[in-house]
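J.: Residue strings, one per chain:
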Amino acid sequence: MKNNNAGIEDVLDEVLQSYPAKSMKNRKEHILVKEKKKGKHKIKANTRTIPGIITNRGCAYAGCRGVVLGPLKDVVQLVHGPIGCSYYAWGMRRHQGMAAEGGKNFINYTFSTDMQDSDVVFGGERKLKEAIKEAVEIFNPSTIMITATCPVGLIGDDINSIARQAEEEYGIKVMAFNCEGYKGVSQSAGHHIANNNIMSDLVGIEDKELEHKYPINLMGEYNIGGDAFEIERILDKIGYDIVASFSGNGTADQIKYSHEADLNLVQCHRSINYIAEMFEEKYGIPWLKVNFLGVDATIKSLRNMAEYFDDPELKERTEKVIAEELAQIDGPLNRYKELFEGKTAFLFVGGSRAHHYQNVFKRIGIETVVAGYEFGHRDDYEGREVIPDIEMTADDRNIPELEVTKDDKKYKMRISETKKKELQQKMPLDYYEGMIKEMEDGSIVIDDLNHHEHIKLTEALEPDIFCSGIKDKYTSHKMGIFSKQLHSYDYSGPYAGFKGHLQFAEDIAAGILNPSWSYINPPWKDNVELKGTIGGVK
Amino acid sequence: MSNLKRLNVNPCKMCMPIGAAIAFKGIEESMLLMHGSQGCSTYMRRHMSTHYEEPIDIASSSIDEEGTVYGGEENLRQGLKNLIKLYSPKVIGVVTTCLAETIGEDINRIVVDFKKKNDVKDISIITVSTPGYGGSQFEGYYLTLRKIIEQLAESSGYKSSKVNVIAASLSPAEIREIKKILDLFDLEYTMLPDISRTLAVPFTEDYSKIPPGGTTVSEIKKMGDADFTIEFGDLVDSSLSTAVYLKNEFEIPAYRLPIPIGLKNTDKFINILAEISGKKIPQSLKEERGRLIDTMIDSHKYNGEGRAAIFGDPEMIYAVSSICQENGIDPVIMATGTDLDIFEKKLKELTAETRVNNLIFSDTDFEEIRNYVNEYDINIMIGNSDGAFIEEKDGVPLIRVGFPIHDRVGASRQQNIGYQGSNNFLDQITNQLLALKHNNYRKDLYKEYYQSNNDKKTSQKPEELKVGEK
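Respectively, the protein sequence lines represent chains A and B. In terms of the UniProt record's numbering, the numbers along the first sequence are unbroken and rise by one, the last being 538. In terms of the UniProt record's numbering, the numbers along the second sequence are unbroken and rise by one, the last being 470.
In isolation and in its complexed conformation, chain A is listed as follows (with noise of 0.2 Å):
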């Protein structure tokens, strides 16, 4: 990397230079440098997309369908719209599930009902009932999610009532997701529809009685690459019992009666905070922020847990666990930190993923030079404290906030708000702190980055790793850059918990340690100095 610490604010005066006026005011915002004795950091974010300069976000639908709701296992997604949207989010993010016995697994699949030209014009709620009929004839699903592209919600098919009569005649979960793609100002909104949606439809309709000792619900976990295989095998381990998972390898079936738990866990704060906070008023289960990706971020989460659930034979388990596993992993963790040192990384992933990866890359001798959300809020740079703080805007207004009350019968309070107000003082309880706090002086936090911000910041930083998704992966290559997918990790993974950081560090190896970056500088440029006259000809 290039030695540029006094010329960032050059850097990044470059990089706006391009725009034309008004856009170059509006990016100017959401880019920031961090400097500690600053203070507070402000950033934009969570604001509407400049048309026209190749954003990496997605729509609402996509975090509706394709994050939030797309892992659940045993659900039939029906999409109501034309083929795209449903095409597009088939199988496409990763998330890998395993049917439980006896259970089902749609995951392979998606439904649509192929809206055509007529649909459009006359209404499709005719077709969307007989594919619900057609689906329950079929795959007998228990549940049926109806997700909304951008035409259903102009012609005014009403998905809500249909739902209903489906529900009533089938006797199975209909839900459906108002999600047009328009909604909001990036897939953000989709995720706050869906945590909506499960809330005031799904949760809490069953009730189980549980006969563990440690009941938790996993949260803002999509079993990327199997990431929550890996967590579920080190929470069963201590001895945790995992209720439901929103939503990587989960079930629908399970989060009906998930209230009963008495701890979720937040991973995505994101996607899923919505839900975590319903949940406490609601039912009285506090949320702890955890991060299962790097071995430090690990073994704080899974003190914390322990801590919270405050028994002395839980605690020793979880230092068990914790010294097991990190014997298998601590040397050759170490011998990668010293192999990568002084190296640096681009990350621009997600909600959350561009903070949990950075002490990942710490651990192993990598220091994040630039790193920003696709679709994060500025709670998620700043932390939550700023939340009263943020301005609401037309669009927030559009995504109905869902009110909840506390449920007089299955509220019961977990711990005390004592006890709370204790634990608080140790443990991101129903706190996340953000990403800005976390990163070094001089690094660059960079929202909503553009193709064009990309290549910018590439060539001026020239970091040896570029995070990102597919979308820009081979931008990066084609600048010489390394990269490595941290949306589907490249067909590897999983990359959680203690295995998990010593498979993320080979991959890292095996990427920049390959051969094949040798031979990007052709060998006559190598040979300049062979260049001359001969004989006095050039």
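Any given hint could turn out to be false.
As the list claims (entries may be wrong) - DEER-style ranges, computed between Cβ atoms:
| # | chain 1 | residue 1 | chain 2 | residue 2 | range |
| --- | --- | --- | --- | --- | --- |
| 1 | B | V112 | A | E462 | 41 to 47 Å |
| 2 | A | D241 | B | N357 | 55 to 61 Å |
| 3 | B | L434 | A | D158 | 52 to 58 Å |
| 4 | A | P523 | B | K180 | 53 to 59 Å |
Claimed, not checked - Every beta carbon over 10 Å from chain B, so not counted as near; a handful from chain A, in silico:
| # | residue |
| --- | --- |
| 5 | D117 |
| 6 | I205 |
| 7 | F309 |
| 8 | K320 |
| 9 | V404 |
| 10 | E422 |
By construction, these hints were calculated from the structure, which means they are not laboratory data. By construction, the Cβ of each residue, glycine as well, lies at the ideal position given by its N, Cα and C atoms.
The hints should help you fit chain B onto chain A, whose structure is shown.
T.: Relative to chain A, chain B alone:
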């Protein structure tokens, strides 16, 4: 569709705008802007990137909820402004999506206004209406080519000796092969679109934001003067055919051909080149042809055991079915998600002489394909990566061709056309059939001679195959 009339389960098609995107990627110095919700461009960039292994940069006008009420015009204007400032393209494609079409955006008017108000003179902005519910990627691709020609091609009054070549959605390597063959006949031509470099960019030290290569605007403008048009699109409706348009508008004779995969299809192509160039078929091509026939004869005993399911884009299915048919690999199932009337007719004609009755489906999905793959003892599938699910669940091997190939590398380097490409492609199919044999023959022999009758696999091929009902 036969069973599932309203429910599409695992689609065997995509939507129109992605076809438009592939077409525009073959135009020099071009950028594409999708007018609608930003999810569309993001999804399509994602799918095209995995297939071509290249950066695919498509802009969006990012219409939001307010835009659905007041119209997306301001978004489109701002999008065009930013795109021009950041990329300085010579061509901008503006295509619509479901959202823009449903709210009734008039992109032609908006673009005309925009050009006038901002004094845009040196940039060709081409508009194409591609609602996602208006057809599949197949229609989107051909419609876009036609709109590019409708909006750019002119007649100077003087005829040139050039040949217009309207390419099907092939791989960059295949486009390079077609160009090589055209060069062998010393023909001057305009390839539209030309993705041979734009979607397979060689690594150089200087990365350029818009990939190098593609058909130039000046070449496209002159396509109205050409001597002939060759269009790879035998199943394309005449309303979407660029060749038909050029014929009607500029009286340019049109040859509409299937993709040159297999002996017959390549012969058609080569004979036409010989005819229009007035040149003899070069010796090198004759030898390639001879080698292909040599392979066909040598491999026939293995190919004779092939029972294939072929799916994907209609034009690709036709070409693949053709090479299967001429090599004795029964194209038992031929299925596309695209709703195309002529599909059944053309494929019936093609396979009229095969020994089995073939199942031909348009407007189908992978659930139906899967059912028939299992029912009719298919031992090889040929199509895009979306069949991988059947390969995984039912163990029927899949040879990946067409778009998209997202679970293997090399899609942009695949070369299955011409005599030489067909030869390689045929070897790939034959080898897959041989692999089946080698992997299974011990097990089969054991079952045949040592296992008790009760355990024997009882399934036998149905005596008479049903004709696919539509």
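J.: Hints broken by the structure, by number, lowest first?
T.: Result: hints 4 and 5 break, sorted rising.
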